[in-house]
Amino acid sequence: MNADDHPDPNVDGPRYVLRLFVVGMTPRSRRAIENLRRICDGPLAGCVDLETVDIHQQPHLAELYQVVAAPTLLRLEPLPHRRLIGDLSDEARVLRGLGLAPVSGRVNDDR
Amino acid sequence: MTSEPSIPKSLAKAPTGISGFDDVTFGGLPVGRPSLICGSAGCGKTLFAATFLVNGAIQYGEPGVFMSFEERAEDLAANVASLGYDLDGLVADGKLAIDHVRVERSEIEETGEYDLEGLFIRLGYAVDTIGAKRVVLDTIETLFSGLTDASILRAELRRLFGWLKDRGLTTVITGERGDGALTRQGLEEYVSDCVILLDNRVEDQVTTRRLRVVKYRGSAHGTNEYPFLIDEDGISVLPVTSADLDYDVSNDVVATGIEGLDAMLGSGGFFRGSSVLISGVAGTGKTTVSSYIVDATCARGERVMSFVFEESGAQICRNASSVGLDLKHHVESGLLRFEAARPTLYGLETHLARMHRDIEQFRPSLVVIDPISALHGPATELQSTILRMVDMLKGRGITAVFTSLRTDGGFDERGDLGLSSLMDAWIKLLGVEANGERTRTLYVIKARGMSHSNQVREFQMSAAGVKLVEAYVGPAGVLTGTARVVQEAQEQAEFLRRGQESERRKRDVIRRRQAIELQIAELRASLEVAEEEEAILLSEDEIRETLLATERRAITQRRSAAE
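Chains as they are written, first to last, in the numbering used here: chain A, 1 to 111; chain B, 1001 to 1563.
The hints are simulated quantities; they were obtained by calculation from the structure and are not laboratory data.
Where is the CB? At the ideal position from N, CA and C, for every residue including glycine.
Hints may be right or wrong, so weigh each one.
Short, incomplete list of chain A residues facing chain B, as computed with Cβ under 7 Å [what the hints assert, rightly or not]:
#1 V23
#2 P59
#3 E63
#4 Q66
#5 V67
#6 V68
#7 A69
#8 A70
#9 R83
#10 G86
#11 D90
#12 V94
#13 G97
Label-pair ranges, simulated between beta-carbon atoms [stated by the list, open to error]:
#14 B/S1151 to A/L76: 26 to 32 Å
#15 A/H60 to B/E1074: 15 to 21 Å
#16 A/Q57 to B/R1201: 47 to 53 Å
#17 A/H60 to B/E1310: 58 to 64 Å
#18 A/H60 to B/A1220: 41 to 47 Å
#19 B/A1041 to A/E34: 42 to 48 Å
Construct the entire structure; sequences and hints are all you get.
In structure tokens form, the structure reads like this:
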């Protein structure tokens, strides 16, 4: 799933490379995907590379990316790596985890 | 020995290959079930787990997965390399998989519901890749410090252990010891089949590693605390509680190499497999006597292992050369091995465990412990340690020579527990001080199963070797050393004097006899003279009588004529 649709708006901002690891299409996995899509279309619109990995299909990636919990969202760029676990339903924590929290006001407006 | 006969099928066991541990548990860890190895930091949990996997992969053809929650794979490989394990090689051969699970709290943001399916998938993938039969989770409790939601973790761990059981994986889970519980997070509640407790206790500034099987569902197991060792040869557990006295006895006699001593023992030496105590205060020649026995044994082509606590092996070799013994070439030929260690280096149990392992490896026919009195510890522990040591040696038919500084046969300076009663033979070396000099004397106090001399011998050491001299026993008591020599000289002089005296008396008698004989001769001469005179007198008388008779006849004739 790529959210690479809007390359223009935030050219100056940092580029986000995210990878979401889920296990199968469980309700929890779906919830995580939906929650993430909302953030990618909102605050991160246009500056994110997102890849969703089903580690059930590609188990070797679980070890490679140190996945323990599912779902896990990994911020590969910008450095340092950040790791968000859970179904991403707590948006404030997700934004903080991704390093987007300081952007004033917008977080609350979106909710 | 497995479970009770009423249970038809005994629990399958997966051998760990850890010497001693498989004996204590009668076969190893339960197959297809998780076992918990717990203990405080630095007690050897990780090494135990790694040994379980490595031995499984190499000796028993069971590949294993090592899931490390603490150490990185390369650190782990480096750490166990000191035990001689080549993890990288095993990984390359597909016999081992190492997965380092890193959970760093500072990097993690919890954003909602989650489970540990990622861990399951990683483990399942690793297991499937190499066809693993064994799994180690070291130390899974680390997850609790990385993730906040303990209730999720507990539920997931319970699920994990169930999953491991379903897949039939023999699993070792390590856990750090917590306050008042076996593990910090109470893992023992989940892993209820087999719990092993490792311990690293410090007593009198000496540490001893101990292992105890806390629980082993469905199986008999040794319940004691067993000492264990970790060194360059890996882990070894010492089951040291065999209290049987049913070892084979030998009638084979082994000579001591000291002629005089062999002569004192009725059979010409000690029985093979007996324990011999050589006691004596400092400088009475205990080590020298034991060196002789060592030399004699090596000369027969048998192996000797010497545990020395006060000197180095090289020093003993050098000292032995001063009495003409060449122990060095026995060391070089591989028949003699010294194991030198300060007695305070380890606890008693560790000493015993080390000896056990070394003896297992070297398989000597004679073991020397010099001196046993150097081992320190609480008296009861000391006694049980030495008892088990004697047991262990006897059970293997190894002749044992113990030296002791205690002359009364006790263990140490204080206790009054009898070491001597454990021994089959007891040689006592005593220094006798008299007339400003010390001499060494030797007694054979006891020698079970053989007659032996009850007499004291003077024990002489010189460059020519050791000599036992019969001490002087006279009316003035037992004399040794110079006193013996002086006494012998005195006796010699006395003997000479007595000889001269009797010569003189003999001459006297002869003289007197000659005088008497002379007198007899003289008397005989005068007797002869007297006899001659008598004869003359007799013949004169006869003549006179004849003349008288003739005259009388003539007168008669004349008178008748005249009538």
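For each hint, the structure was consulted:
{"no.": "1", "hint": "V23", "result": "holds (4 Å)"}
{"no.": "2", "hint": "P59", "result": "holds (4 Å)"}
{"no.": "3", "hint": "E63", "result": "holds (5 Å)"}
{"no.": "4", "hint": "Q66", "result": "holds (5 Å)"}
{"no.": "5", "hint": "V67", "result": "holds (4 Å)"}
{"no.": "6", "hint": "V68", "result": "holds (5 Å)"}
{"no.": "7", "hint": "A69", "result": "holds (4 Å)"}
{"no.": "8", "hint": "A70", "result": "holds (4 Å)"}
{"no.": "9", "hint": "R83", "result": "holds (5 Å)"}
{"no.": "10", "hint": "G86", "result": "holds (3 Å)"}
{"no.": "11", "hint": "D90", "result": "holds (5 Å)"}
{"no.": "12", "hint": "V94", "result": "holds (5 Å)"}
{"no.": "13", "hint": "G97", "result": "holds (3 Å)"}
{"no.": "14", "hint": "B/S1151 to A/L76: 26 to 32 Å", "result": "holds (30 Å)"}
{"no.": "15", "hint": "A/H60 to B/E1074: 15 to 21 Å", "result": "holds (19 Å)"}
{"no.": "16", "hint": "A/Q57 to B/R1201: 47 to 53 Å", "result": "holds (50 Å)"}
{"no.": "17", "hint": "A/H60 to B/E1310: 58 to 64 Å", "result": "holds (59 Å)"}
{"no.": "18", "hint": "A/H60 to B/A1220: 41 to 47 Å", "result": "holds (43 Å)"}
{"no.": "19", "hint": "B/A1041 to A/E34: 42 to 48 Å", "result": "holds (45 Å)"}
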